[in-house]
Amino acid sequence: MTVAAGIGYALVALGPSLSLFISVISKKPFLILTLLSSTLVWLISLIILSGIWRAFLPLNSTTWWPFAILIFTSVAFQEGLRLLFWKVYKRLEDILDAFADRVSKPRLYLTDKMQIALAGGLGHGVAHSVFFCLSLLTPAFGPATYFVNSCSQIPFFLVSAIIALAFVTVHTFSMVIAFNGYTEGNKVDQLFVPSVHLAAGMMTLINFAYDGCIIGIPLLFLMVILTLMHCRRMVWRRLTENQRQGNS
Amino acid sequence: MAQTQRPKTLLDSLGEEIIRILTPVSICMFLVVLLVSILNSSSSLSVTSIATIAYSETSSDSSWDKFLGALLNSLAFVAVVTVATFILVLFFYLRCTKFLKIYMGFSSFVVLGFMGGEIALFFIEKFSVPIDCITFLVLLFNFAVVGVLAVFMSKMAIIVTQGYLVLIGMLVAYWFTLLPEWTTWVLLVALALYDLAAVLLPVGPLRLLVELAMSRDEDIPALVYEARPVTHHDSASGPVQRRIWRGRQNVTLDSEDNLSSNINVNVVSDLSSTANIVQANHSGTRMARVEEGQVSERDAELSAPLIDRRMDGQDGVLAESLMLEGMGLGSSGAIKLGLGDFIFYSVLVGRAAMYDFMTVYACYLAIVAGLGITLMLLALYQKALPALPVSIALGVLFYFLTRFLLEVSLYNVL
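Protein sequence lines correspond, in order, to chains A and B. So for the first sequence, numbering that gives the first Met the number 0 puts the first residue at 0; every next one is plus one. So for the second sequence, numbering that gives the first Met the number 0 puts the first residue at 0; every next one is plus one.
The following block holds chain B by itself, in its conformation from the complex:
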């Protein structure tokens, strides 16, 4: 029987890019849910940060007060983020890329070292791990430095870089879940709206950034997760593909690249000092990229079956094939997702985990659906799109639907 020699059908390779970006997002969400459920109410530390600068929620306030307070908090946060992004655009315009990269490295180090250290301390406290100061410090320092190197320079194995990016996302997301409840939800919605405005409006900072990068043919320095490119067999290399790549450069979801840097790291806990160390990190993004080296890799990665086929370069066919391929049907080029997207998806799911497991599942599915829709829109419109709004909208919707409809019904029936 010739069963084993049957040629492979579409089913074997279709949708691979989408899965390659879905997997790290899922892993990050899963890790945050795990962290939240293990460390749940073990520490009642109140995080004072820019996000709670206007109002600190206490459980005795009325709903309307809480809502108003949360709104004020979110507005303050979004304002700070906007200012920070504009400063970032200014720096990029003045070509201070080196400075941005160094700042990125510094931010990474702080996140990995201090936040990672705090969480490690929680674990040590909770599980009574016998470890001494010096060993702990040495391990932590090494961990942080390797992380900075992995994110900064891309000469490492890509799995290490990707792993560290996911870890950074997870750490920041966990810290965000420590915010009070109403503030978190309103903040998520506010950020989704900001994202929409910043990427799509002509005056939006992120759009300016993308256009600047495009016109200078440079890469944006940013914390971006890049899915490993799907390598297909040979294809003709050369200028044709390079042009396609440049043309497609704006097909990145770099909405959150810069936002990832714009994370306000407020590190104050009752346990440590009383000083409010409020660091507004603009995310300069450390684009962990070796520019030249990666370009040649890009040529290889562009060898998609569709691109091969349209060697004649006719635009009509090209557009069509790009469109189909953008939908994930055998596409070329790696999909890039900003780290901020990882963070806020995980914050949503982590917050849902603080309620119940059912809401986690519903929110996870909603976010994945939103991401799928965004990817499809990406293929359709062929320009940089914000990745937050659709997913956050669906996620919040499903959270409230599940919490107030499904749960009540199921618990009554069972």
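Only chain A is shown next, with the shape it has when bound in the complex:
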């Protein structure tokens, strides 16, 4: 429905990430590079997944369990990639630290490491929203709109934008949690991230039912809030520990 609505939908999905980008990431060039590379990794993972699943499509859209398998395999693959991403990041961190020693600058602080994780997560989130929301928005710039069964009260574009917003947030902050979990060897954190991702994915299956989004979307946002709270608690704990170490 007109250019204004189209831009509006795009901003609903990407607004918070845009503000995160402008305030935190655009100040440090290395973070921009991290964002670009994590977006690329996510894109490659999508291409590989769609290559694998191409043989099974089109799925029978009346039953829900093929989609469940689809979501499960996709999430598993992406979580595996996240682990790989972390390993590469570890190696990079060592190189950077060695370089910093040579140039006699201080080593990376904890906040720096968290910022890198944030940039990585934001890259994943932005890639997700571009592919699952923005690419569908081209008709929204025209004069009409579109409704679907699973959410008959609001336009389809708005629904997809809201879901994309939820996933962006989940991706961004779960990367921070995941990196921290792998660094500390904290099993809770390590398991938290894949399970939240999986749960969030499965919840979108609720949308299959008529008007299912009335239940599905609030539950999705419950997962988002859970992620945010866990992340905040973890970051707070790490920072205070760090500070105590620094002072003592």
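Calculated directly from the structure, the hints in this document are not laboratory data. Be aware that a few hints might be false.
[As the list claims (entries may be wrong)] Under the rule of at most 30 angstroms between Cα atoms (straight-line distance), these lysine-lysine pairs were calculated in the DSSO-like manner:
1. B:382 / A:112
2. A:104 / B:7
3. A:26 / B:65
4. A:26 / A:86
5. A:86 / B:335
6. A:104 / B:100
7. A:26 / B:125
Once you've looked at the hints, dock chain B against the given chain A.
Chain B alone, transformed into the frame defined by chain A:
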């Protein structure tokens, strides 16, 4: 708490050069995508140019015919470009630099004036802008002249020069996207291969040009985008750095410098005349540089933390630090990218925009990744490298993967 006084870490400054070259490339691509999506099917003008001299694509031909036709077109185009580049090398060898610069200025004027004017006309038509001939001509003329001056002489604010370079790239790229589809893709691949050959083969024209310029210690007259140098604080000036600069002069991606001039500007539209004005612009490159004035600036710009440190001049350390710094880890010296690279990256992304937004995103990421890889190779090999092949290869690959795999899957699932 001493939080605010913590010394800055690496993270604050690392990778700044790469971002400084990525930003204008991204802006150029974004502008071309915008142009393509706004002016999309508003005018069905057929551009007759050297690039379509062998075959004009119509939608009723079979795939194999189209492919063959596109191949013929690209071969013709690459042949013309090769000849033009060799002529350029000849002129440079005969020291006709003045002539080359004037030719560059003329080409810039044509691009900005005529192509820019055509696109402005499209806009006026589409949005029914109320403007009269005389005002339009005056504005256009001023715009073009300022552009020529900005590109020609570097006494202007660097942002104006950079802006005009990006604009020239955008205009030429938009015109290239008007070519038929198969021709565009095959042309891109052919040009990437040509670039590879021209820069790396010993008999390649671009390599000859670079070696000539190096041996004479001159600058190549070319349309080159130069990222604003990262200025760090003081460093010792003097002969040491100058030597480094000379030594590093071949660390420029000037593959496309000359190609940027070798743009075939075919301006024929059904709207205007029927005459085929085929101009083969060799890009003499107007090196918009004031030679002497810039040298001193270069000394300052070379003050990188790494160069400071290795004041002892030991080669081992130097090589290592240059290598690390070349990777963008706190490097010195500005990275230069030829305008032709801008143009062909944007052509690829513009063509992807004609299909769907998803392909645009995928191609953009692929090109950026390719550029990053090329920059890393640059740091590794320390000589002039072609900037097109890796990015175009990745871009084309991702376009076809996205178009045939991802899109189908996503639309089936959603």
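_Pair hint outcome, residue 86 of chain A versus residue 335 of chain B [Cα-Cα no greater than 30 angstroms]_ = Since the Cα atoms of residue 86 of chain A and residue 335 of chain B sit roughly 33 angstroms apart, the hinted pair is violated (cutoff 30 angstroms).
*asked:* Can you confirm whether the C-alpha distance between residue 26 of chain A and residue 125 of chain B stays at or below 30 angstroms?
replied: The given pair, whose Cα atoms are some 39 angstroms apart, is violated under the 30 angstroms limit.
*asked:* Does residue 86 of chain A sit within 30 angstroms of residue 26 of chain A, going by the straight-line distance between their CA atoms?
replied: Holds. Residue 26 of chain A to residue 86 of chain A sits at ~25 angstroms (cutoff 30 angstroms).
*Keeping to a limit of 30 angstroms between CA atoms, is the pair of residue 104 of chain A and residue 7 of chain B held or broken?*
holds, 8 angstroms
*When you check the alpha-carbon spacing of residue 382 of chain B and residue 112 of chain A, does it fall within 30 angstroms?*
violated, 34 angstroms
_30 angstroms limit on alpha-carbon distance, applied to hinted pair residue 104 of chain A and residue 100 of chain B_ = Violated - the C-alpha atoms of residue 100 of chain B and residue 104 of chain A are around 45 angstroms apart, more than 30 angstroms.
*Pair hint residue 26 of chain A and residue 65 of chain B, alpha-carbon separation not exceeding 30 angstroms*: violated, 48 angstroms
When the structure is compared with the earlier hints, violations turn up for hints 1, 3, 5, 6, 7 and for no others.
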